[in-house]
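As you go down the protein sequences, you meet chains A and B in turn.
Residue numbering for the first sequence follows my numbering, beginning at 1 and increasing consecutively.
Residue numbering for the second sequence follows my numbering, beginning at 1001 and increasing consecutively.
What the hints contain is simulated information worked out from the structure, not anything from laboratory work.
The structure presented is a predicted model; accordingly, all values stated were derived computationally and were not measured.
Fair warning: there could be bad hints in the mix.
Quick look at which bits of chain B chain A covers, simulated, 3 or more residues with Cβ under 8 Å [stated by the list, open to error]:
1. 1137 to 1150
2. 1218 to 1231
3. 1239 to 1252
4. 1329 to 1335
So these bits of chain A aren't anywhere near chain B, every CB distance computed over 12 Å [what the hints assert, rightly or not]:
5. Glu162
6. Gly259
7. Gly319
8. Asp324
9. Glu354
All C-beta atoms in this analysis are idealised placements derived from N, C-alpha and C, irrespective of residue type, glycine included.
2 protein chains.
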Amino acid sequence: MRRGTSRDIRTANRYEVLRQIIAESPTSRQELAAATGLSLATVATLVGELLDLGMLTEVGFEDSAGGRPRGLVAVDAAGGALIGVDIAETYVRVELFDLALNVLARADEDMRPGESGPQQVVGHVAAAVGSVVAQAGVEDARVLGVGVSVPGQVDRDTGVAEYAPNWDWHDVPLLDLLAEHIAYPLHLDNPLRACAVAELWFGAARGRGDAVVVNLGTGVGAGLALGGGLHRGVSNSAGEWGHTTLVLDGRPCHCGNHGCVETYVGAPGIMLNLRELSPGSTLLHPEDQTATIDALAAGVAAGDPVAVEVVRDTARYLGAGISDLVNLLNPEVVVLSSWVAAALGEPLLRAVREAVARHALRRPLAATEIVLSPIPTDPVCLGAATFALEGALQSAGRRPTGRTAAARSRTAPPV
Amino acid sequence: MRRGTSRDIRTANRYEVLRQIIAESPTSRQELAAATGLSLATVATLVGELLDLGMLTEVGFEDSAGGRPRGLVAVDAAGGALIGVDIAETYVRVELFDLALNVLARADEDMRPGESGPQQVVGHVAAAVGSVVAQAGVEDARVLGVGVSVPGQVDRDTGVAEYAPNWDWHDVPLLDLLAEHIAYPLHLDNPLRACAVAELWFGAARGRGDAVVVNLGTGVGAGLALGGGLHRGVSNSAGEWGHTTLVLDGRPCHCGNHGCVETYVGAPGIMLNLRELSPGSTLLHPEDQTATIDALAAGVAAGDPVAVEVVRDTARYLGAGISDLVNLLNPEVVVLSSWVAAALGEPLLRAVREAVARHALRRPLAATEIVLSPIPTDPVCLGAATFALEGALQSAGRRPTGRTAAARSRTAPPV
C-alpha cells in the first residue's frame, strides 16, 4: 500500500471516478460508489467538482426500486478537447479528442532521416496541432491541454527531453520550444508511460491491480501500472526495461551497455535477428523498419519459414525478458503494445506466451495474463491526451490552468 | 500514486505514525503531524488508538513557546513482545523483541543437511520459540505475534510454503504445522520481503520514496519498497530478481531456467565463480557456504589476489543485475542486505558501485544511492517480527487477534 498526501488521494480518486464514468455513461453516484469502493459522500463531492469543470453533464434520473429516483451523469463529450502528440523516430502524429476520448481529428507529418533537429520536430508538431484544431473547429478556450510524448528520458517537471538516443538529443528544452508556438497547457512525457496510462484508463490495465505495459517499437520499454497508478520512480525514469541485460556481454546497445533487451526485440533488433538467420532475405528492407516488420507479419501469415523462425527467435528473447518482469513484479496482466506488437499480432502473442511459460516461476506465472493491447487507435496519442486530461483534473478546484501553462499563455499567441 | 481503500489508508497511516514514534521517542502529536504530513486531528486519533492498544505511553509535557504545553508520547517497550523467526537453509534463528524492537532473547538451532523435512523444521522453530519466551520471561498474553520467514514462494493468506527450492518443498502447510505447537498469532512470509520491511521500518529505506532491498544469501531476491509500502504483486511473489535472466542460456538454475542472477551472485554462485577462477583454491570449502564467503572476505582484507578477483567478478554480475533494477524501477536507494552482503561488506559495495556506474542509464543512476544495510542485527528476524507488529496494527480497533490466529488459539495450547 502506498501512502499519499490527502491531495494525492483526492486527485487519484478524481481520476478513478472520471475513468469509471467514461467507461460507463450514463451512471449514478450510487453505481460509482459501488464500482470504485469510495463512499457515496466522496463520490458526490467529486462528481460535483467534475460538473463544475464542465466535464460532466446531468442526463436525467433512473428509478431505484421504490427509493428516490437517482440522478444520472455522463461525460460531456463537448465539454473540452484534448490533444495527444506522438513524436516518433520517423513521424509526428497528432490527434484531437473530445472528453469521451473519441478522435475528432488527426494529422500526420513524416520526418525523413536528417530532419530530426529539435526545431524541425517542433515545427512539425506545431503545424500538426494547428491542423487538428482547425479540422475539428474547436475554440481555443475548449482545448484543455496538449500531451506530448517524445522517446527517451524526460524530465516532466522542467519539460526537458534529457536524452533521446535515436536522435542523440541531450537536454533539449522541448516544452519551452513548443510553447513558442502552442498556447495550450503542455505536458511532456515518453511513449512507454503514454502507453501505460492509456491502458490504465482505457485498455487492458483498467481495474487491474498491477499491470506491465510492454512497449515494442523502435525503442522498447515497460510502463509499470502498480496499484492503480503509474510507477514513475524517483526521477520519472522507471520503465527502462529495454535497457536491462538479457545477454551479458551480448549485442552492443546505443546506451553504451551490451546485451540489452532492446537490442534483441526492438525493431532494429528484430531486423538483426532476421539478418543473422537469413542474410539475403527479401523480407529485409534495410533502411525501413516498418516495411520489414510488415513483411515479417505478411510472411508469417503466408507460412514463410524464415518469417516464422524470426518471430519465434524474437519471441524467445521477449519471453525471457517478459519472464523477468513477471518474476520481479508479479503483475496481473502484461500488455503488448505499440506498433511492432500490433503488426506481428497473434502469432507473436502465442509464441511469447509459450516462451514465458518455459521461463517464469510457477506462482507468478499462474497469476499473469499476457494480452495484446485492445486499444484500437494510436495508444501513444491516446496516452499523451490522457496526460493532458490528468493535468486538467489535477488543477480542478485550483486556477483553471497550471503554473507553467499560465506563464506560457501570457507570452505566446495561440496557434 | 496508489489508491487504496480508506481502511488500507488508515492502516498505512498507523504504520507511519508508529514508525516515526519508534524512531523518535518521546515526541508530540504536533511533531508527528509535521514529520508525517498527516493532519493533527488524524495523528491525534491514531495516537489514541495506539495508546488504547498499550503500545504507547504518555510521558509528560514539553513547553511550546508560550502555547499550551504539548503532551509527549513514547513507545511502551514493555507493552508487548514480538517474535521473529528466520528459517534459513542451514539454521533456524528466533529472536524476541520488545515493542521498541530491541532484542530481548535469541535462540539458534543448527540444521544439518538431511534435516530439512517440514516436521523437523517445525520442531526446531517450536523449540526455539519456547526458548526465547522462557529466556525473556514474557507472559504469553504479552506476545503480540510471531512472524516467520521461510525461503521461496509463500502464500501469506493460507500460510503455505508453496515452493522452497533448496529443500524441494512443495505446498507445505507450514503455518498449520506450526500452529500445532505455537499458540500466538502467526504470520508467514519470505526473507526477501522480511529484509525489505525491516529496511522500510528501521533501516535505509525509511522515509525514502522508492527503495530496492537486494537480498544476498544462499538465495537472492529484491524486496521492493515502492511509495512507502511493500510491493507484493498480485499473488505475493514479487521480488524474484534472483530468477531474472542475466545470461541467456547461461548457468543452469534449480528453478529450471538458465542464466538466472542467483546462479552468479548467490552464495553457491559465488563459490562457482571461485571454482572457475581457481579450481584448487584453499579459499573454497566445498560443503560450507558460510566458511567460503568468510574466507573470501578475509582474503580480500589480506590482499589475496584470487579473493579480490572473485569479489570483482561477482560485483560485475551484481552490477549488471542491480543496473537492471535501477533502470527498470528508478529507486532512490538500493540496499545490499543479508549475510553475504554483510560478510563481504565495503569491498563488495565499492566494486558494485563501480559496476553499476558502468551499466546503468545516466538519469536513474544519478537518482540512486547504493548502500549496505545499516541494520546491525539479523534483518530477517527483525523483518519477520515487523510482520507480527503490522499484523497487530492491522487488527487495531478490531478484535485483538486476527481470524486465523484466533481460530488456532482455541485448539492449540501455548508452548
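Minimum Cβ-Cβ distance from Asp324 (chain A) to chain B exceeds 12 Å: With a cut-off of 12 Å, Asp324 (chain A) comes too close to chain B, as the shortest Cβ separation is near 4 Å.
Least C-beta distance between Glu354 (chain A) and chain B, which was stated to exceed 12 Å: 14 Å, holds
Within 8 Å of chain A's CB atoms, at least three CB atoms from the segment 1329 to 1335 of chain B: coverage verdict: holds (count 4)
Claimed clearance of chain B by Gly319 (chain A), with the beta carbon kept past 12 Å: Violated: least Cβ distance 10 Å, not greater than 12 Å.
Check on Gly259 (chain A) being off the interface with chain B, judged by Cβ distance over 12 Å: For Gly259 (chain A), whose nearest Cβ neighbour in chain B is about 8 Å away, the distance does not exceed 12 Å, so it is violated.
Three-residue Cβ test at 8 Å for the coverage of the segment 1137 to 1150 of chain B by chain A: Since three or more residues must qualify, the claim that chain A covers the segment 1137 to 1150 of chain B is violated, with 0 doing so at under 8 Å.
Whether chain A covers the segment 1239 to 1252 of chain B (at least 3 residues having a Cβ closer than 8 Å to its Cβ atoms): Since 10 is at least three, the answer is holds.
Given as non-interface: Glu162 (chain A), partner chain B, CB spacing beyond 12 Å: 6 Å, violated
8 Å C-beta test of the segment 1218 to 1231 of chain B against chain A, three or more residues: holds (count 7)
Checked against the numbered hints listed earlier, the structure breaks hints 1, 5, 6, 7, 8; every other hint is satisfied.
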